[in-house]
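> Letter by letter, the chains look like this.
There are 10 protein chains.
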Amino acid sequence: MTKTDVSGLSLLGQKTDLPAGPEEAVLERVPSGHQGTNFVVRFTAPEFTSLCPMTGQPDFAHIVIDYVPDEWLVESKSLKLFLHSFRNHGAFHEDCSIDIAKRLVDLLAPKWLRIGAYWYPRGGIPIDVFWQTGAPPEGVWLPDQGVQPYRGRG
Amino acid sequence: MTKTDVSGLSLLGQKTDLPAGPEEAVLERVPSGHQGTNFVVRFTAPEFTSLCPMTGQPDFAHIVIDYVPDEWLVESKSLKLFLHSFRNHGAFHEDCSIDIAKRLVDLLAPKWLRIGAYWYPRGGIPIDVFWQTGAPPEGVWLPDQGVQPYRGRG
Amino acid sequence: MTKTDVSGLSLLGQKTDLPAGPEEAVLERVPSGHQGTNFVVRFTAPEFTSLCPMTGQPDFAHIVIDYVPDEWLVESKSLKLFLHSFRNHGAFHEDCSIDIAKRLVDLLAPKWLRIGAYWYPRGGIPIDVFWQTGAPPEGVWLPDQGVQPYRGRG
Amino acid sequence: MTKTDVSGLSLLGQKTDLPAGPEEAVLERVPSGHQGTNFVVRFTAPEFTSLCPMTGQPDFAHIVIDYVPDEWLVESKSLKLFLHSFRNHGAFHEDCSIDIAKRLVDLLAPKWLRIGAYWYPRGGIPIDVFWQTGAPPEGVWLPDQGVQPYRGRG
Amino acid sequence: MTKTDVSGLSLLGQKTDLPAGPEEAVLERVPSGHQGTNFVVRFTAPEFTSLCPMTGQPDFAHIVIDYVPDEWLVESKSLKLFLHSFRNHGAFHEDCSIDIAKRLVDLLAPKWLRIGAYWYPRGGIPIDVFWQTGAPPEGVWLPDQGVQPYRGRG
Amino acid sequence: MTKTDVSGLSLLGQKTDLPAGPEEAVLERVPSGHQGTNFVVRFTAPEFTSLCPMTGQPDFAHIVIDYVPDEWLVESKSLKLFLHSFRNHGAFHEDCSIDIAKRLVDLLAPKWLRIGAYWYPRGGIPIDVFWQTGAPPEGVWLPDQGVQPYRGRG
Amino acid sequence: MTKTDVSGLSLLGQKTDLPAGPEEAVLERVPSGHQGTNFVVRFTAPEFTSLCPMTGQPDFAHIVIDYVPDEWLVESKSLKLFLHSFRNHGAFHEDCSIDIAKRLVDLLAPKWLRIGAYWYPRGGIPIDVFWQTGAPPEGVWLPDQGVQPYRGRG
Amino acid sequence: MTKTDVSGLSLLGQKTDLPAGPEEAVLERVPSGHQGTNFVVRFTAPEFTSLCPMTGQPDFAHIVIDYVPDEWLVESKSLKLFLHSFRNHGAFHEDCSIDIAKRLVDLLAPKWLRIGAYWYPRGGIPIDVFWQTGAPPEGVWLPDQGVQPYRGRG
Amino acid sequence: MTKTDVSGLSLLGQKTDLPAGPEEAVLERVPSGHQGTNFVVRFTAPEFTSLCPMTGQPDFAHIVIDYVPDEWLVESKSLKLFLHSFRNHGAFHEDCSIDIAKRLVDLLAPKWLRIGAYWYPRGGIPIDVFWQTGAPPEGVWLPDQGVQPYRGRG
Amino acid sequence: MTKTDVSGLSLLGQKTDLPAGPEEAVLERVPSGHQGTNFVVRFTAPEFTSLCPMTGQPDFAHIVIDYVPDEWLVESKSLKLFLHSFRNHGAFHEDCSIDIAKRLVDLLAPKWLRIGAYWYPRGGIPIDVFWQTGAPPEGVWLPDQGVQPYRGRG
Ligand SMILES: [Ca+2]
Ligand SMILES: [Ca+2]
Ligand SMILES: [Ca+2]
Ligand SMILES: [Ca+2]
Ligand SMILES: [Ca+2]
Ligand SMILES: [Ca+2]
Ligand SMILES: [Ca+2]
Ligand SMILES: [Ca+2]
Ligand SMILES: [Ca+2]
Ligand SMILES: [Ca+2]
Ligand SMILES: [Ca+2]
Ligand SMILES: [Ca+2]
Ligand SMILES: [Ca+2]
Ligand SMILES: [Ca+2]
Ligand SMILES: [Ca+2]
Ligand SMILES: [Ca+2]
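These protein sequence lines are chains G, H, Z, L, Y, F, S, A, B and R, in that order. First residue of the first sequence? That's 1 in the working numbering, and the numbers climb one at a time after it. First residue of the second sequence? That's 155 in the working numbering, and the numbers climb one at a time after it. First residue of the third sequence? That's 309 in the working numbering, and the numbers climb one at a time after it. First residue of the fourth sequence? That's 463 in the working numbering, and the numbers climb one at a time after it. First residue of the fifth sequence? That's 617 in the working numbering, and the numbers climb one at a time after it. First residue of the sixth sequence? That's 771 in the working numbering, and the numbers climb one at a time after it. First residue of the seventh sequence? That's 925 in the working numbering, and the numbers climb one at a time after it. First residue of the eighth sequence? That's 1079 in the working numbering, and the numbers climb one at a time after it. First residue of the ninth sequence? That's 1233 in the working numbering, and the numbers climb one at a time after it. First residue of the tenth sequence? That's 1387 in the working numbering, and the numbers climb one at a time after it.
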C-alpha cells in the first residue's frame, strides 16, 4: 500500500491564519504516489467568495476543479486556504475563475486541468465559467461535473 | 354529470387584447356547479411579471392561488389576462402579491383563499409572500404548494 | 389469510369494450375483507383524458383517489374503464373532478373519500382540484399525495 | 450500553430455507431493550412479491412498516423470510397488505403499528394501501414514509 | 392598488459600502401597506458567511427568515447589507443565528418571526438552527422551508 | 491577478431605463483578459419574455447562452437590458431565439457560441430551440446545459 | 429582427375541430426564417394517446420530436392537431411512433429528424421507441431528451 | 399507417400460465413493420426476480433492454412471461443477465442489442451488469438508460 | 452580539485521539448563550459506523439529532468523537440508536431531544429508528428531517 | 442457462471474520461464464471507511468500481471483506483509491477496470478520485456512474 511523502509540507496539522489575499496564500504540493498513472482528482468548493471590484459587494461561487497530476499533488489544506484568501479580493467573475486555475497550473504542471465556476446570480442572470488546459489525456476517465443549472423560481 | 352555466361570460372563445393594467382587466366568474361542496381550486401561474416601481426594471414571480369557492368560480381565461395585465404595472413584491389576492376575494367572495408568491431573486435574496384569508374551512383538504426553496448555485 | 368474495363481478377476467361515456360505464364493487378496519386505498391514474366542452379539444389530467372503505371496495378494472369512459366526454375541470368522486361515493358509501385532480396546463396556467367528503375518520393514516407542483420551464 | 437478549432466537446466524407460504413462515421476536421508551422502528421492504389469485401472474410491491414496540421487537431476519414467503401465495392487494400487518400485530402486541403498501401498476393504475392500528401514542415522533407518487412517464 | 411609503429610506437607489460589522449595519423599515392583514414574508439568503471565533476561518450558511409583519416591513437592501456585514465577524453558529433573528425582532416588532440557519459542514457534521418567536398567529399560512437535509456523498 | 479594462463601458454602475425594443438596446463589450485562452462563458436567463406576433399575448422562455470569447466579453448588465428589451417585441419562438444569438455573434465575433431557448408551453406542447455557430473549438470544455425536459403533470 | 412568412397557413388563429384520424389531419408548414442555419427545434408532447388495435383500450405516451429544418418549419398548432388525431386510431407502439416521424419527414424534408416515444407501461413493462433519420448534421448541437427512466414504485 | 402482422402469435389475447422456468418459456416474435429503418426499442422491467443458486433466497433486479430490430420484433407479452419465468430459477447475477440477452439475440437476430441489469444490494454492495452485442449501428440514436446509482441511505 | 463561554472545554483546538469506545468518549458542553429561548439545534451525521454484535461485520447509519437546549449546548467536536467511538463497538440497531440519544439527554438535560437513525440495508431491508423524549415544547419550530426513503434500485 | 464454477471458493456460505487490514484480506475469483463476451460488472460500495494517516480520525467514501472481465470474476463476498478491511488502515484519499483498483487489477487481469471514489468532505472541500486502466475496449457499453456532485447546503 502506498505511503505519501509529506516531508515538504508546512501547513498541515497546525493552526493557520487566513491569508490576506491570493498573492499571500501559499499553495503546497506533495509528490504523487502514482506518477505513472493518469488519474483525475476533483475538488469541490461550494464556499467560494470574493468581492465585486466595482461596488465592493460580496460575490459567491460554487467551484469545481479537476486535474490529472503529473509529478505533484496539491495539498488540500493549502488549497482551501488559497480559495478562502479571495474573501477580501476584488475580481471579475471571468478573470477570477481563470486566475485560480492558472495558479494551480503553475504550481503543479499537471498533465491536464479544468475549472468550472458557477457564480450566484446578480441581476437575475448567473454566469458560469468553464476552462480546461486542452483536451484531456487519452484514456483518462473524466465524469462531467453535473452541477444543476440555475432555474430561478418555481 | 354537471353542466357549467357559461351564459354570463364575455371573453371565452374569442380573441382578446392584453389589458393595459390591472385596473383595466376584467375578471369574470361563473356559478359553481357544486355550491354545497367545499373543494379547493388551485391555479399555478409560473409566468407572472411586473415592473419595479423604483427602477422600472422587470420583476418575475411564480404564483400559486388556492381557494374554496362559495357561489362563484373565477373563469380561467380572464384570470390569465388579469395576471398578464401587471406586465407594465409598477408594484412592490409584498403589495402586488396581496393585491392580486384581494381582487379575487372581492370578485368571488370565496369561503377561503390563499396566495403564494415566489419572486425571483434581486440582490441574491428572493422574497416569498404567503397570505390566506384565515384558517381554511373545517374538513377541507388542502395540499401544500410544494414549491422548492431557492438555493442559489451548486 | 383473507379471501376476497368476487362472486358478484362481471367484468374481471374477460375482454371488455371501452364504455361510450361515464353514464354507460359500469362501476363494480366487492365486499371488503376487513370491514371493521379503517384503512386507506389509493388509486393513481396518470392516464385521464376528456374533452373541452367549449372547443372539443382534448384535456388531460393526473388523478389520485383515496378512500376509506366501509362495506365495499371498488373493483379496479371497472374503475379503469370508468375513468377511460371520459375519453369522448366534454366537461369542465372542476365539474369533471368532483363528478368522478361523487360517482364513487354513490357506489361505495365509503367512510371517507378524496380526489386530487392535477390538470395539464391550458394557457400556461394549470388547474388542480382537491376535494374530500369531510375530515378523515379519526385514527386513519393518510399520507399526502405528493404530486409535484407545476413549474413551467427551467 | 444496552445488550439485546437473543436467547430465544432460532433462525439468526444459520442458513435457512425459504418458507413455502406465509402460514409456514416463523416470525420471531426478542424482548425490547427499552421497554419504557416509545420509539418507532421502520422496516422498508422494496422486494415484496406475491401472485395474483385470479391469473397466477406475479404482483410486486414496495412495503414500509412502522411500529412502536411494547415488550417485543420483531427479529429482522425472520421478518425478511416471512415477507419472502408470499412469493408463491395468491392474494388481493388490499387483503395481502392488511394481513401482513395483522400478523405482526398478533406477534408483537405493539403499542401501535402501520403499514404502507405501494403496489406496482396493473392496467396503468397502481393501488396503495395505508393502515394503522389507530392514532399513534402521544408524544411519539413519526416521520411520513415519503414514498414518491406514481407518475407514469415523462 | 397599494403604494408603499418609502419616504423614510436612506439606502435604496444609491451606492452603499459594505458595513464593517453587524453593529455598524443600518437596518431600515417601511410601513406595511397591509397592516391589518396577517401575511408571511420569506427571505432566502444562500450567501451568508461569517468567521469562526476560535480559528478565524470562514463559515458559511444558507439562511431563511419568515415573519408576519405588524406595522413594519424590513427594507430588503438594508437586510442584504446587514447579512453581508457578518463577513468579518466571529460568532458561534447557534449565537449568530439567534442574534440575526433578534435584531429583526427589535427593528420590526413583528407579530411573529422565525429563522432557519443551515450551516455548511465542519468535521463532517453540519449544524442547523431553528427558532421562532412562538407559535405563529392563528390563521396564518406558513409553508415549511423545505431545505434538503445534508447527505454527505453518494 | 488580472484586471479587466472597463474604460469603454457606459451602462455599468448607473441607473438605466429599460430599452424600448431590441433594436434600441445597446450591447456593450469589454476586452477579454485572457484572449489566448479558450474558455466558455455561460449566461442563464430564466426571465425572458416577449409577445406573440399573432395574438399580442405574452410568451416566456428560459434561455441559456454559452460562448468562447475571442477578443471580447459581453458586459453582463447590457446583456440583461438587451434581453429585457424583448418585453414588448413580437416574435416567433424560432426567430427570436436565433436572432438573440446572432446579435451576440455580431457584437463579439466569438470563437464559438450557442443558445438554448426553452419556451413555456402553449397548447400543451413546448418548443425548444438549440443552435450553435458550428462545432466547438477543439479542446474546449463545454458541459451540457442540463435543463430538465418538460413533463406536464404527475 | 426576422419576420416569419405565415401567408400559407389556414389553421392558425381560428377555431378548429379535432381531426377524425391521422389521415384526415392537415399538417402545415411555414418557410424557415433562417434557412442557412442548422438549428434544432424540439417539440415535447406529453399528451399523446391512441388505442390498442387488439383490445380497443387507450394507450398513452410522452413524445419528444427533434429536427433540423431545411426549408420548412412545421406550424405548431397543426402539429398539435395531428398528434391529437391519433385519439381514436388503433396502432402498435413501434408502428405508431415511427409513422409520426415519417409523416413529418414527408412534410418537411428536414436535414435531420428524430423521435423519442415513451409509452406508459402495460403489463408492468413500458416500451420506448427511439428513431432518427441518420446521424445529425455536423456541427449541430443536440441535447439529449433527458426523459427519466420508468422505475415502478418505491 | 402501418399494420403489424400478428398472424404467428399464440399467447396474445388469451389467459396464459406462468412458465415453470426460462427453458419452458416461449418467446414469440412478429415481423417488424419498418425493416429498413434502424430504430431502437427499449423495454424496462422493474419487476425481475430469481433465486440465489447457493442459498435459495430471492434476488431482485431492475432490467432494461435496448435493441435495434432487423426482421423481427419481440412480442411484449411473451417477453413479460419469459422474464417472470426466472421466478423459481437459481442463477448468478452476471450469468442471469447475460443469458437473458443471449436468448433474445437468438430469437431476434437483431442488428444490435444491449442489456442493463441493476441488481438490488446483497451485503450492502449492489452489482450492475452491462452488455451490448458490439458498437451500435451507425446513425442509430440511443439514449442512455439513466438509472440512478445506488446510494445507500441519507 | 452574544459571546459563548468556552472556558470549560478541553478538546477544542487541539489534536485528539479517537476514543476506544462510547464509554471512553468524553462528551463536553458549554452554557447556552440564549437560555430563555426555545430554539432547535440539529446535527446531521452521515458517517456513523458500528459493528454487528453477532457477526462482527460493520454496520452503517445516517443519523440526525434535534434538540431544544435548556442550560447546555453540546460541543460539536466532542459529539463527533463520541459518534466515531462506536467504530469498534458491537450493538443492535435499535439499542445503539436509543443509547446515543440517552447519553445526550444525560449530558444536556435538554428541554426536548429526538434522534432519527437511518441504517443501511442488511438482507435488503433497512431499519430506521425514531425516538423523541416526548412532545416538543409548545411554540418550538421543528422541521421534519426529510431523509429520503430507501428505494432499492430502479 | 449458464452454471458458475464455484469450486475454488473458500469464503462463500460460511461465517467469516473481518480481515485486520487490506494486506490480510483474501480476494477470491471465479472463472467467468462468458469469457468471450465483453460485458461490464459494476460494484457500488457506499460503506467505505478508512483512517486518516496524519490524525487517526475516520474518513468515509462512496466507491464505484466498473470492470470488463477477461477470464475471472471477483467473488463479491470477498470483495466486501476486502473493502471493509480498510476500516483500521491509514491512507491518503488518492493513494487509497488507486491502491484498491490496482489490487483488483492484479487479481483479475481484467480487460479494463475503473474506480470512482467519492470522499466525504473534510474542511468543506470533498475530493473525488477517478481512474481507469485506459480507454475501454471497443464496443463495450459503459454507463456513467452518475454520482451527484457535492453541493454543501441549501
Ligand atoms: Ca454525464
Ligand atoms: Ca406536504
Ligand atoms: Ca408529507
Ligand atoms: Ca421557471
Ligand atoms: Ca413530511
Ligand atoms: Ca410541507
Ligand atoms: Ca452531461
Ligand atoms: Ca405525465
Ligand atoms: Ca446529457
Ligand atoms: Ca413511475
Ligand atoms: Ca445522457
Ligand atoms: Ca450516503
Ligand atoms: Ca415537511
Ligand atoms: Ca424499485
Ligand atoms: Ca450519461
Ligand atoms: Ca449552495
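Among the hints, a few may not be true.
[Claimed, not checked] Calculated pairs, SDA-like style, for lysine to any residue (alpha carbon to alpha carbon, straight line, at most 25 Å):
id: 1; chain 1: H; residue 1: Lys256; chain 2: H; residue 2: Arg305
id: 2; chain 1: A; residue 1: Lys1155; chain 2: S; residue 2: Gly960
id: 3; chain 1: F; residue 1: Lys785; chain 2: H; residue 2: His243
[To be verified] Computed beta-carbon distance windows for the label pairs:
id: 4; chain 1: R; residue 1: Glu1409; chain 2: G; residue 2: Val26; range: 48 to 56 Å
id: 5; chain 1: H; residue 1: Val180; chain 2: G; residue 2: Asp144; range: 47 to 55 Å
id: 6; chain 1: Z; residue 1: Lys323; chain 2: L; residue 2: Gly498; range: 58 to 66 Å
It is worth saying that the hints were derived from the structure and are not from the lab. The beta carbon of each residue, even a glycine, is placed where N, CA and C say it ideally should be.
> Determine for every hint whether it applies to the structure shown.
Hints, verified against the model:
1. Lys256/H - Arg305/H: Given pair Lys256/H, Arg305/H is violated - Cα atoms ~30 Å apart, limit 25 Å.
2. Lys1155/A - Gly960/S: 47 Å, violated
3. Lys785/F - His243/H: 19 Å, holds
4. Glu1409/R - Val26/G: 48 to 56 Å: 36 Å, violated
5. Val180/H - Asp144/G: 47 to 55 Å: 50 Å, holds
6. Lys323/Z - Gly498/L: 58 to 66 Å: Since the Cβ atoms of Lys323/Z and Gly498/L sit about 60 Å apart, the hinted range of 58 to 66 Å holds.
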